[in-house]
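Protein chains: 2
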Amino acid sequence: MEAHVQSLPENIPLGLYLWLRIRQIGIGTVLGVPGDFNLELLDHIYNVPGLRFVGNANELNAAYAADGYGRINGTPGVFVTTHGVGELSAVNGVSGSLCERVKVIHVVGQTPRPLQQAKAMIHHSIGDQPDHQLYNKVSKPIRLTAAELWDVENAPAEIDRVIRECVISCGPVYIFMPIDMSSEPVPSSLLSTPIDFSPPIDSDAQNRAVEAIVGALREARSPCLFVDALVQRYDAREDCAALAKRLRVPVYSTHMGKATVDETEEFYAGIYHGQVDDKAICEGIESSDCVLVLGSVNADTNSGGFTRKIRKDAEVQINPNNVVVKGERYDGIAIKQVLSLLEDALQGVEVARVKPPQVLPKPLPVDHAAKNLTQSWIWSRIAAFLKPHDVVMAETGTTLFGLTPERMPSDVRFVSQAYYGSIGYIFAASLGIELSLEDSHHEKGTPRGRTVCVTGDGSMALTIQEVGTMISQGLKPVVVVLNNKGYTVERVIHGALQPYNTTPKTNYSHLLPLFAHPQADQCFHKAVTKEEFVKVFEKAELADPQVTHLVELVLDAMDSPWRLTKQLAMRGEAGVKYLTDVGFIGPGKVGIGG
Amino acid sequence: MEAHVQSLPENIPLGLYLWLRIRQIGIGTVLGVPGDFNLELLDHIYNVPGLRFVGNANELNAAYAADGYGRINGTPGVFVTTHGVGELSAVNGVSGSLCERVKVIHVVGQTPRPLQQAKAMIHHSIGDQPDHQLYNKVSKPIRLTAAELWDVENAPAEIDRVIRECVISCGPVYIFMPIDMSSEPVPSSLLSTPIDFSPPIDSDAQNRAVEAIVGALREARSPCLFVDALVQRYDAREDCAALAKRLRVPVYSTHMGKATVDETEEFYAGIYHGQVDDKAICEGIESSDCVLVLGSVNADTNSGGFTRKIRKDAEVQINPNNVVVKGERYDGIAIKQVLSLLEDALQGVEVARVKPPQVLPKPLPVDHAAKNLTQSWIWSRIAAFLKPHDVVMAETGTTLFGLTPERMPSDVRFVSQAYYGSIGYIFAASLGIELSLEDSHHEKGTPRGRTVCVTGDGSMALTIQEVGTMISQGLKPVVVVLNNKGYTVERVIHGALQPYNTTPKTNYSHLLPLFAHPQADQCFHKAVTKEEFVKVFEKAELADPQVTHLVELVLDAMDSPWRLTKQLAMRGEAGVKYLTDVGFIGPGKVGIGG
Numbered sequence: 001m002e003a004h005v006q007s008l009p010e011n012i013p014l015g016l017y018l019w020l021r022i023r024q025i026g027i028g029t030v031l032g033v034p035g036d037f038n039l040e041l042l043d044h045i046y047n048v049p050g051l052r053f054v055g056n057a058n059e060l061n062a063a064y065a066a067d068g069y070g071r072i073n074g075t076p077g078v079f080v081t082t083h084g085v086g087e088l089s090a091v092n093g094v095s096g097s098l099c100e101r102v103k104v105i106h107v108v109g110q111t112p113r114p115l116q117q118a119k120a121m122i123h124h125s126i127g128d129q130p131d132h133q134l135y136n137k138v139s140k141p142i143r144l145t146a147a148e149l150w151d152v153e154n155a156p157a158e159i160d161r162v163i164r165e166c167v168i169s170c171g172p173v174y175i176f177m178p179i180d181m182s183s184e185p186v187p188s189s190l191l192s193t194p195i196d197f198s199p200p201i202d203s204d205a206q207n208r209a210v211e212a213i214v215g216a217l218r219e220a221r222s223p224c225l226f227v228d229a230l231v232q233r234y235d236a237r238e239d240c241a242a243l244a245k246r247l248r249v250p251v252y253s254t255h256m257g258k259a260t261v262d263e264t265e266e267f268y269a270g271i272y273h274g275q276v277d278d279k280a281i282c283e284g285i286e287s288s289d290c291v292l293v294l295g296s297v298n299a300d301t302n303s304g305g306f307t308r309k310i311r312k313d314a315e316v317q318i319n320p321n322n323v324v325v326k327g328e329r330y331d332g333i334a335i336k337q338v339l340s341l342l343e344d345a346l347q348g349v350e351v352a353r354v355k356p357p358q359v360l361p362k363p364l365p366v367d368h369a370a371k372n373l374t375q376s377w378i379w380s381r382i383a384a385f386l387k388p389h390d391v392v393m394a395e396t397g398t399t400l401f402g403l404t405p406e407r408m409p410s411d412v413r414f415v416s417q418a419y420y421g422s423i424g425y426i427f428a429a430s431l432g433i434e435l436s437l438e439d440s441h442h443e444k445g446t447p448r449g450r451t452v453c454v455t456g457d458g459s460m461a462l463t464i465q466e467v468g469t470m471i472s473q474g475l476k477p478v479v480v481v482l483n484n485k486g487y488t489v490e491r492v493i494h495g496a497l498q499p500y501n502t503t504p505k506t507n508y509s510h511l512l513p514l515f516a517h518p519q520a521d522q523c524f525h526k527a528v529t530k531e532e533f534v535k536v537f538e539k540a541e542l543a544d545p546q547v548t549h550l551v552e553l554v555l556d557a558m559d560s561p562w563r564l565t566k567q568l569a570m571r572g573e574a575g576v577k578y579l580t581d582v583g584f585i586g587p588g589k590v591g592i593g594g
Numbered sequence: 001m002e003a004h005v006q007s008l009p010e011n012i013p014l015g016l017y018l019w020l021r022i023r024q025i026g027i028g029t030v031l032g033v034p035g036d037f038n039l040e041l042l043d044h045i046y047n048v049p050g051l052r053f054v055g056n057a058n059e060l061n062a063a064y065a066a067d068g069y070g071r072i073n074g075t076p077g078v079f080v081t082t083h084g085v086g087e088l089s090a091v092n093g094v095s096g097s098l099c100e101r102v103k104v105i106h107v108v109g110q111t112p113r114p115l116q117q118a119k120a121m122i123h124h125s126i127g128d129q130p131d132h133q134l135y136n137k138v139s140k141p142i143r144l145t146a147a148e149l150w151d152v153e154n155a156p157a158e159i160d161r162v163i164r165e166c167v168i169s170c171g172p173v174y175i176f177m178p179i180d181m182s183s184e185p186v187p188s189s190l191l192s193t194p195i196d197f198s199p200p201i202d203s204d205a206q207n208r209a210v211e212a213i214v215g216a217l218r219e220a221r222s223p224c225l226f227v228d229a230l231v232q233r234y235d236a237r238e239d240c241a242a243l244a245k246r247l248r249v250p251v252y253s254t255h256m257g258k259a260t261v262d263e264t265e266e267f268y269a270g271i272y273h274g275q276v277d278d279k280a281i282c283e284g285i286e287s288s289d290c291v292l293v294l295g296s297v298n299a300d301t302n303s304g305g306f307t308r309k310i311r312k313d314a315e316v317q318i319n320p321n322n323v324v325v326k327g328e329r330y331d332g333i334a335i336k337q338v339l340s341l342l343e344d345a346l347q348g349v350e351v352a353r354v355k356p357p358q359v360l361p362k363p364l365p366v367d368h369a370a371k372n373l374t375q376s377w378i379w380s381r382i383a384a385f386l387k388p389h390d391v392v393m394a395e396t397g398t399t400l401f402g403l404t405p406e407r408m409p410s411d412v413r414f415v416s417q418a419y420y421g422s423i424g425y426i427f428a429a430s431l432g433i434e435l436s437l438e439d440s441h442h443e444k445g446t447p448r449g450r451t452v453c454v455t456g457d458g459s460m461a462l463t464i465q466e467v468g469t470m471i472s473q474g475l476k477p478v479v480v481v482l483n484n485k486g487y488t489v490e491r492v493i494h495g496a497l498q499p500y501n502t503t504p505k506t507n508y509s510h511l512l513p514l515f516a517h518p519q520a521d522q523c524f525h526k527a528v529t530k531e532e533f534v535k536v537f538e539k540a541e542l543a544d545p546q547v548t549h550l551v552e553l554v555l556d557a558m559d560s561p562w563r564l565t566k567q568l569a570m571r572g573e574a575g576v577k578y579l580t581d582v583g584f585i586g587p588g589k590v591g592i593g594g
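Each protein sequence line maps, in turn, to chains A and B. Every letter in the first sequence is one number past the one before it in UniProt numbering, and letter 514, counting from 1, is 514. Every letter in the second sequence is one number past the one before it in UniProt numbering, and letter 305, counting from 1, is 305.
The reader is advised that the hints may include incorrect statements.
Because identical chains cannot be distinguished in the list, a pair is counted as satisfied if it fits within a single copy or across any two copies.
No more than 25 Å apart at the CA atoms, straight line, and that leaves these computed lysine to any residue pairs for SDA-like [to be verified]:
(1) 535 <-> 206
(2) 140 <-> 168
(3) 362 <-> 327
(4) 371 <-> 190
(5) 444 <-> 206
(6) 309 <-> 222
(7) 526 <-> 510
(8) 119 <-> 556
(9) 326 <-> 406
(10) 526 <-> 507
(11) 140 <-> 554
(12) 245 <-> 208
(13) 326 <-> 197
(14) 140 <-> 129
None of these hints come from the bench; they were simulated from the model. Computed from a predicted model, the values in this text were never measured in an experiment.
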């Protein structure tokens, strides 16, 4: 890359500057939808070695795919849309990236500056004297920051600033580029200074925080780790894994933190989803006198409807930018550095080790003898299908609740959107995951695992056209769709028999051929019975897929995993404590955890 | 309806109140996507006689479909989404409704009030202490007004206020309902007072405006009408048609005003799209000494890239809420009333009548001998397929430019989104058109014409899953898709050979079977050659469709209608005058009219 920069002319177009910066930080793919106010900007992508443009079927799908891309490699997902009609279609996807702290850069091609100044009634605008920056205001509440490019003098610095903000604060940023600016010249020498990604740190506070945590661990009789989502989001996955191996105390996880730590290790205890999960797990973590809570997201769907009961006096919080030990708060830290320093500091330190709780095998489910597929049967088998280096993706719905308790092989990554919970997300995001796996395999030689995307028919319908992009790009996800004729997660929340929870009938055998899949028939697999399921998942082409595969699992409309049913049942019991505390009366009325 | 109100109990749930109000104003269908913060609200729909819920595949499609519904009957389109993830996905659709002044009511089911007050981390929220009203701020710039329901005492009045605003100001409004409020009791007697839809009028100013217009017409030697979009949006279509018949002066139309006036009348002159259209048309309207410009939208895509040249001293503007005659402005008027009063006032008034310009037949196109389909050949044949009472829908792209100059039969309605221009719109909107035609046929006995939706493969991909709703609802649109392997409108603007303008290959024969169309094979029709085209459009089942039909027309990737090519070519000629005036240098850089 450096060599390439030196061969550039003295001045380069701003559009090219942007893409070279994007490439410099290790990004290999730009997603998005072309539109007449971004075409010239897209042209410059083709002049950047190692960078490709992959067009999406629509902008929401692009935002989801960029979010998926941003979850895996530590590099942001990037996507491009056009003025108004494009950028607004993506707002919900970007909002999800803010909620779940995913690094995403949304580049918007705007109308040219003179037309903005003239308030010209260019298509995609609103009104007689349109304010072309109106849409910029729409996305303001759901982004970290934006580069509102206007003056070419400071445009490169603004681009650098928001890329930095995206990476160090983990969240979505915008770059608004009036399209006439994409050809404005900027000095290529600016590229020789890399963007500074060092987080703002108070080293002294950080060291004191680490000391305090070590002190707490020394004193503890039954310490444990409780790993949540923000560990991986803030790039501390490996540091966390190393800390876990150093400590070897029981490690609990959340829905959103799942598979951050190797689940095959004997110290891995399981998912603590408040009072929903196994009693032994609850007793284990709730009796601990020192719980290191890492990167916590205490949302209803990540906490069993706010039913976590960790002892207040036992809690040591390690958050992305602060640490709290016994009521003492240390600001100006970075979670990645703290975990790394902590692992070092613990060398030679004696820490008490209790055994992880032993979860007894579940009794046979009442429907265990069924010949057809049931939710009580499929999840452990889907987990057994996984291999190291796979990325498994669980849609918010029965999948999230069904798959999380199952143990994953080493080096598997688990992707869900449990807090934001926008259905349709997982399927479009799997495109970004695939591209990211491909890019990092190509670039860093990391193993090219499979993307195993598990979704439902109701959810998949929202973003189903993105399969066309997967096929045309030669990607090879294994997409598993639970066909239960609609929104089963909603049926168990409310309106079990209401027609609104039934979606149009879908004959999935036609999905791959619709987008001209070259081996459509061989790559569509359907199972109604357990026997069929076993045969499907034994196929060699699913073990090592070379093209997009689609597996349809037919399930009963009212069948749901026991954990979902239990969380919902708890709305009338323990789970309402929180609601009562906040003054909410009438627990049956709110879909906590739905 | 009144009888029904009297049979209601003294108090009814607020949710029911909302739907009864919606029903009272003639709406028969509520669109939307169920989500756990709107389910209880949806339940009440089933208790309103004559009101149905039709679920969409996703929320953007719902917004588009509601916009389509709102364009036909004079009644607003209504759709329901859920907190955050649902409402944000719809933002672009709503923004289009504001741009194009379409009546839409967007009902958002929010989290319960106590959870909002507690800033609880309920799924779909953002942050540790989430502000549940964050999303409300997102849509603020792209709506007319919102009912932010919180206090049940004023909730019915707030609902009534925004419904009134939607109807009289023509645009999208929001109703935010915390889901716990849907069951709160309100007096049913409130329903006995209908919502007041009378616009705020200054009768004196209105009368003076009409007098001034009559005066201008009396003096004119070559008066004409120039009919634009806001006539139909503000429910003045019939008044305009009556005025045209009274005056019998030449009537010109815009893209967006197309088919407001009967195009079979001898006084109908054609489309005036600035300097793009026929010279005779330009000379006709540009030489007129009195042009009544009705409901104008002077956007680039509606004015040939700002190349209208109507004489300033000849222009009489009749806008939705004001009239301007010879520089004198009259405020406080309503276009519908002005047109109606004008028609009355002209009784017995002598008005000069010139003949409409005679447009000479076009020379044979260079590709006239082609056996395969060409853009120079198809448009007049698609127009010839139309029948009275059809609604024909043209996607922004080659279709809009190809179909607008063709004359329509009487009583045909023409729907496009020429100013906002969000691709994917037309196909999802056709669902709303179908439902609206069905509702008004059922309710008022209006003829049940066909919905003929003409789109392209690039555009249709964005919203393609909505065909599932059409099929499952037993609707019967004729969907015509031009398959030219991507974004042809963009190819002619910029990047003809760039890969970003090519979309994934689509084999449309699998689309109807994917969503379990009962007669999929018979209802899919494909034409590559002109001969095949003729055979397809002669089929009896397309003349009187009973189910959803899909027609694929295969076209060359670079083939486009002459009017589009001409408008784009003009970017380097007459069309740049405007751009030069506003100081824009480098005309090749902006896709005016793309």
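Against the structure, the hints:
no.: 1; hint: 535 <-> 206; in the structure: neither (54 Å within a copy, 77 Å between copies)
no.: 2; hint: 140 <-> 168; in the structure: within (19 Å within a copy, 30 Å between copies)
no.: 3; hint: 362 <-> 327; in the structure: neither (39 Å within a copy, 83 Å between copies)
no.: 4; hint: 371 <-> 190; in the structure: neither (65 Å within a copy, 56 Å between copies)
no.: 5; hint: 444 <-> 206; in the structure: neither (31 Å within a copy, 73 Å between copies)
no.: 6; hint: 309 <-> 222; in the structure: within (16 Å within a copy, 84 Å between copies)
no.: 7; hint: 526 <-> 510; in the structure: both (12 Å within a copy, 18 Å between copies)
no.: 8; hint: 119 <-> 556; in the structure: neither (56 Å within a copy, 36 Å between copies)
no.: 9; hint: 326 <-> 406; in the structure: neither (33 Å within a copy, 77 Å between copies)
no.: 10; hint: 526 <-> 507; in the structure: both (11 Å within a copy, 21 Å between copies)
no.: 11; hint: 140 <-> 554; in the structure: neither (42 Å within a copy, 42 Å between copies)
no.: 12; hint: 245 <-> 208; in the structure: within (23 Å within a copy, 86 Å between copies)
no.: 13; hint: 326 <-> 197; in the structure: neither (31 Å within a copy, 62 Å between copies)
no.: 14; hint: 140 <-> 129; in the structure: both (22 Å within a copy, 18 Å between copies)
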